[in-house]
Amino acid sequence: MERYDLIVAGAGPAGLSAAIEAAKRGLRVIVFDENEKPGGQLFKQIHKFFGSKEDKAKIRGFKIGKDLLEEANKCGVEVVLNAIVIGLYLDKEVTVKIGDGIQHFKGDTLIVATGASENMVTFDGWTLPGVIGAGAAQTMMNLHHLKPGNRILMLGSGNVGLVVSFQLMQAGCEVVALVDAAPKVGGYGVHASKIARCGVPFYLSHTIIKAEGEQFVNGVIIGEVDSSWEMISGTQKHFDVDTICLAVGLSPMSQLLKMAGCHMKDTPGGYIPECDEKGATSVPGIFVAGDVSGIEEASSAMIEGRISGIAAAEYLGFIDKEELKKSIEKQEKALISLREGMFAPENRGRSIKKTEEGIDVSINLLKKGYIEETEIERFPGFTKCKGVHPVIECTQNIPCNPCQEACVKKCIKIGEKITSLPAIDETKECIGCGMCVASCSGQAIFLVNEEYEQGYAAITLPYEFLPLPEVGSQGKALDRSGKEICAAKIIDVKTKKAFDYTHLITMKVPADMSRKARFFVNSRRCEDE
Amino acid sequence: MMRIDEHPILGKQEEKRVVEFTLDGQIIMGFEGEPIAAALKAAGVMIHRYTKKLHQPRGIFCAIGRCTDCVMVVDGKPNVRTCVTSLKAGMNVQTQFGVSAKTQTGEV
Amino acid sequence: MSKLKERMSGIGEFMSQPDDQLIICRCEEITKGEIRKAVHDGMFTMTEIRRYLRTGMGLCQGLTCASMVKRIVARELLISSMELEPAVSRAPMRPVEMKIFGNEEKEVK
Amino acid sequence: MGNCADVVIIGSGIIGNSTAYYLAKQGCSVIVLEKSNHIGNGGSSRNGGGVRQSGRDIRELPLAMYGVKNLWPTLSEELEMDVEYYQEGNLRLGKTDEHINILQGLTDKAVSSGLDVQMIDGFRAKEICPYLSDEVIGASWCPTDGHANPMLATLAYYRKARQLGVRFITGEDAVEIRKIRGKARQVVTSKTIYEGETIILAAGYDSRKIASTTGIDIPMTQAALEVLVTEAQAPMFYQMLGTAKADFYGHQSTHGSFVFGGSSGYEDMNKDNGMPVTTSITASCICRGIMKYFPCLEDVKIVRVWAGWIDVCVDHVPVISKVEEVPGLILACAFSGHGFGIAPTVGTLLSQLVVGEETVLDISELRYDRFRAKI
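Chains as they are written, first to last, in my numbering: chain A, 1 to 529; chain B, 1001 to 1108; chain C, 2001 to 2109; chain D, 3001 to 3375.
If you're looking for bench data, these hints aren't it; they were derived computationally from the structure. Honestly, I wouldn't trust all of these hints.
Beyond 12 Å from chain B on every Cβ pair, some chain A residues (computed) [to be verified]:
1) Glu34
2) Glu36
3) Ile98
4) Met120
5) Pro129
6) Ala137
7) Met140
8) Gly149
9) Gly172
10) Ile232
11) Asp242
12) Gly249
13) Leu447
14) Tyr463
Cross-link-like lysine-lysine pairs, in silico, BS3-like; alpha carbons within 30 Å at most [what the hints assert, rightly or not]:
15) D/Lys3322 to C/Lys2003
16) A/Lys63 to B/Lys1077
17) D/Lys3271 to A/Lys106
18) D/Lys3271 to D/Lys3069
Chain A stretches covered by chain C per the calculated footprint, using a threshold of three residues with CB under 8 Å from any CB of chain C [said to hold, decoys possible]:
19) 53-65
20) 180-192
Note that CB positions come from ideal geometry on N, CA and C, so glycine has one too.
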């Protein structure tokens, strides 16, 4: 039987990273993935990633996927696509459906990196065509170039719900509401702000009562729930929609491990294998990496993958214990830093009142998806000074620091701790290059010039929609909640390769709007509505 | 129109060959190699099948081959996951009723 | 003795609820009411529930409904969902045509 | 709740459950102990569902015939739950002269024991089941055979017995049967002790280990069987199927899925990880076996494969017997993979043994002490 040093199930961020590290250390590695394209969910991720530069922050997910595949190929990893691992048997044998047959392989080690599957919720009408998972929406938009619908209601305010809502708008769909039964936004505040400023209303403490329609969805009714999740009567709201998108969390897809006889444990985050910090399961030689051992971000999955790949190399004697320790030390440090901050695993379900810096968090951000003007001033990224300068509306401790690197003038400071809030060093001069604006994965950095012209301010903001406004376009400025607040005119549009498809548009607004205006819609779109 | 002609991040879709296939006898166009479900979606088709017990309509749900809700009868074979089956010219796609192409009772 | 082991323990009578008609297992079209009723019929584990009702035994093999069924059963038994062991996972992980499953001829290059 | 009952049954498979039901119906108090966390987690939930008379040893054939005649037809009604029993006949198929010879031999034996079985040609076989391959040249045909849903039948007995007050305790591992003043009385588990006037040992292969604590041995071993289940198909046929060479066996269920069992030939040698595990080769082998007889099923998708252990008696016939040297102990084990179809009869017989009625059938051939050296 064909035997490999390492067989990896799943060519997502964790699986490919594992394969690369193992192959680099001399293992003969093969990776199987059931999809037509490698990269797992990365290929549907068109947003820029969070994290640190070393861990591919500010690079868009699909690009990370491509890079990983290239690197894997370079290292001699065999990646077999359209290959479904259908079973994991004794003696570390796997059977794989490839083409029109079944093939048997044995691995001296196995890494299971099968990722996660979407959770679902039930409500009256949830089986109707038009109710889809958020993953389905991403697949249709970003792989098959199709709009999942025209008018969409999103259920779920975690990062997936927020990111996919933004992607839906990028694809040209209208997101009529973002709904979550929880009383506060679950995902990153910057992701929420991105869609709130486009005018998407947030309905926290709300849930779907009914999907309407006989043959497919043509409407939805939501209602408010109280603190014990009971429906409050008289709070029903109706929306005309053709699509309801569900983004209510992920569960580890650990079936193969259970089949292999690995000891499993049930946790609030799903049914996962028992494993040590290097991903070793209870069955010697079987390792895990990524979401299959607990749901996290793709950045953590890549690091976990590297660690288990290195651990597999040590297990087979390709490297010694000393080298193992040396190799994973840095990875473990990076992993720890990604697991810090407000969204750290141990903070799940906890209510955080202050940032690490001791600043009161924005309540409005958690309830409505955007920061009130009165709240923003207390954060270190918000400044007001002469000439053009960055305004960073990043108010939660999340593991991300590309903005610090982006500024050649060192105006932005985060420091050693990756989760610290970015602060502006007012002693350094901003040259208005916009690199920070484009580098911010949360699209939370703006360039503001309060004194652009007599009575007018200029605001530069990141823009990732079509059509791109042109210089001279007249339109309306929207505030953080998406409300039209004044007339605005586009005075500059910057498009650069280094911006990586994030365009920088600069709008002129009345000076007193400089702290309010955060988005632009051109007049044509205003008239449409 | 459900197709995204130009995307702010992904750009224009690469040119693909347009092929004909049939849904319940009606001719529909789609791109060769895209999932059958994608071609149907582009054509505005929402209903892929009616369930066996309750005769309820179902369509795309997970779009990645796991939930099996989007199955249809393709070239005579029932339970084909249209979201992960590539479209080929001349395919005969039929709405699935229960586990076959026609209702057993003759009605929906 | 654990509620799961002593099959005569009192979990009360089955009482219908307004959302009993809700489909939980999409493949096999099993409703919330049927699942709740099964618990009162003595089906206390995920394995028994699925053998009794076919939840998670359809084409998708429980990928969509397993955790939802588990929560409903746990709630009916008045225990934490984590006390219930998920049902066994079985090959093949995705449906495989008989002619493909039976074709092991091809050896790897 | 006390740990005493008239009868303590070890094993909550279909044998234990049906016995519990028939005993409770007669007013006995019953405790059923199950080692697994799940009711019916052994062979009862893991078999092809055959309710077959053909192919049975002459010693157990009367049990099968009694069940088919008196119990199965009304079982769903009695248990108030559809156990999906179909009496549509059993076809045992052959494609070569060698096959036909095997089938003829089996048929002759069955006929001599009074069963309505006949050899039919390929044409007639296709009349009965039009989906057969044209290569089938003949079959044995027993029109009164059938099949039922083993999982539902096992749980239906459990449900009904529970309603009648039988106490079921899962996760309770019986380790010893202890005599008190010369009579089997206590069942010692790893946690506690249960007491009964009668103790019925119906724990599959585990029965051997437990029986040995009373100084009784049943010569049996265990083997792993595998069964595969397909996606639902439109209704095609409801006969129970098998072949001369036992390539596969099975049927289409009410649900529409096909349930087919089979083997790779290595069953006696299979290893495991403490659980019954499927092997990497058996399902593929079963698929090839099925397609030889039903080419029209080649595109039908397999959705799951499962494995289960059966106990295999040295003479492939069960032990259903009082143990006079250990008064109070009754054995019901060594069913050798074909206990499901006779379970209603066995439950009836065991309940009669317990209450001291005369059994409806003579089961002296199934005694525990029938085993002799070969010379």
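Each hint, compared with the structure:
Non-interface call for A/Glu34 relative to chain B: violated, since the shortest CB-CB distance, roughly 7 Å, does not exceed 12 Å. The beta carbon of A/Glu36 sits about 8 Å from the closest Cβ of chain B, which is not more than 12 Å, so the claim that it is off the interface is violated. Every Cβ of chain B is farther than 12 Å from the Cβ of A/Ile98; the closest lies at roughly 15 Å, confirming the non-interface assignment. Residue-level check failed: A/Met120 sits 9 Å from the nearest beta carbon of chain B, not beyond 12 Å.
Annotated as non-interface, A/Pro129 brings its C-beta within 12 Å of a C-beta of chain B; the closest such distance is 3 Å. Against the 12 Å criterion, A/Ala137 falls within the reach of chain B, whose nearest CB is about 8 Å from its own CB. Distance check for A/Met140 against chain B: the nearest CB is about 6 Å away, which does not clear 12 Å, and the non-interface claim fails. Taking the minimum C-beta to C-beta distance to chain B, about 8 Å, the non-interface status of A/Gly149 is violated against the 12 Å cut.
For A/Gly172, the requirement that its beta carbon stay farther than 12 Å from each beta carbon of chain B is not met, with the minimum near 6 Å. At roughly 30 Å, the least C-beta separation between A/Ile232 and chain B is larger than 12 Å, which holds for a residue marked as non-interface. The claim that A/Asp242 is not at the interface with chain B is violated, since a C-beta of that chain comes within 12 Å of its own (minimum 9 Å). For A/Gly249, the non-interface assignment is confirmed: its Cβ lies about 14 Å from the closest Cβ of chain B, beyond the 12 Å cut-off.
Distance to chain B confirms A/Leu447 as a non-interface residue, since its nearest Cβ pair spans about 20 Å, more than 12 Å. At roughly 8 Å from the closest C-beta of chain B, the C-beta of A/Tyr463 falls inside 12 Å, breaking its exclusion from the interface. For the hint pairing D/Lys3322 with C/Lys2003, the CA-to-CA distance comes to about 34 Å; that exceeds 30 Å, so the pair is violated. Distance restraint check for A/Lys63 and B/Lys1077: the Cα-Cα separation of roughly 37 Å exceeds the 30 Å cut-off, and the hinted pair is therefore not satisfied.
Our distance criterion of 30 Å between C-alpha atoms is met by D/Lys3271 and A/Lys106, whose separation comes to about 17 Å. Between D/Lys3271 and D/Lys3069 the CA atoms are separated by roughly 40 Å; this puts the pair beyond 30 Å, and the hint is violated. Closer than 8 Å: that is the beta-carbon criterion, and the segment 53-65 of chain A has 0 residues meeting it against chain C, so the requirement of 3 is violated. A count of 0 residues in the segment 180-192 of chain A with a Cβ less than 8 Å from any Cβ of chain C is obtained; the coverage claim is therefore unmet, three being the minimum.
Of the numbered hints listed earlier, those contradicted by the structure are 1, 2, 4, 5, 6, 7, 8, 9, 11, 14, 15, 16, 18, 19 and 20.
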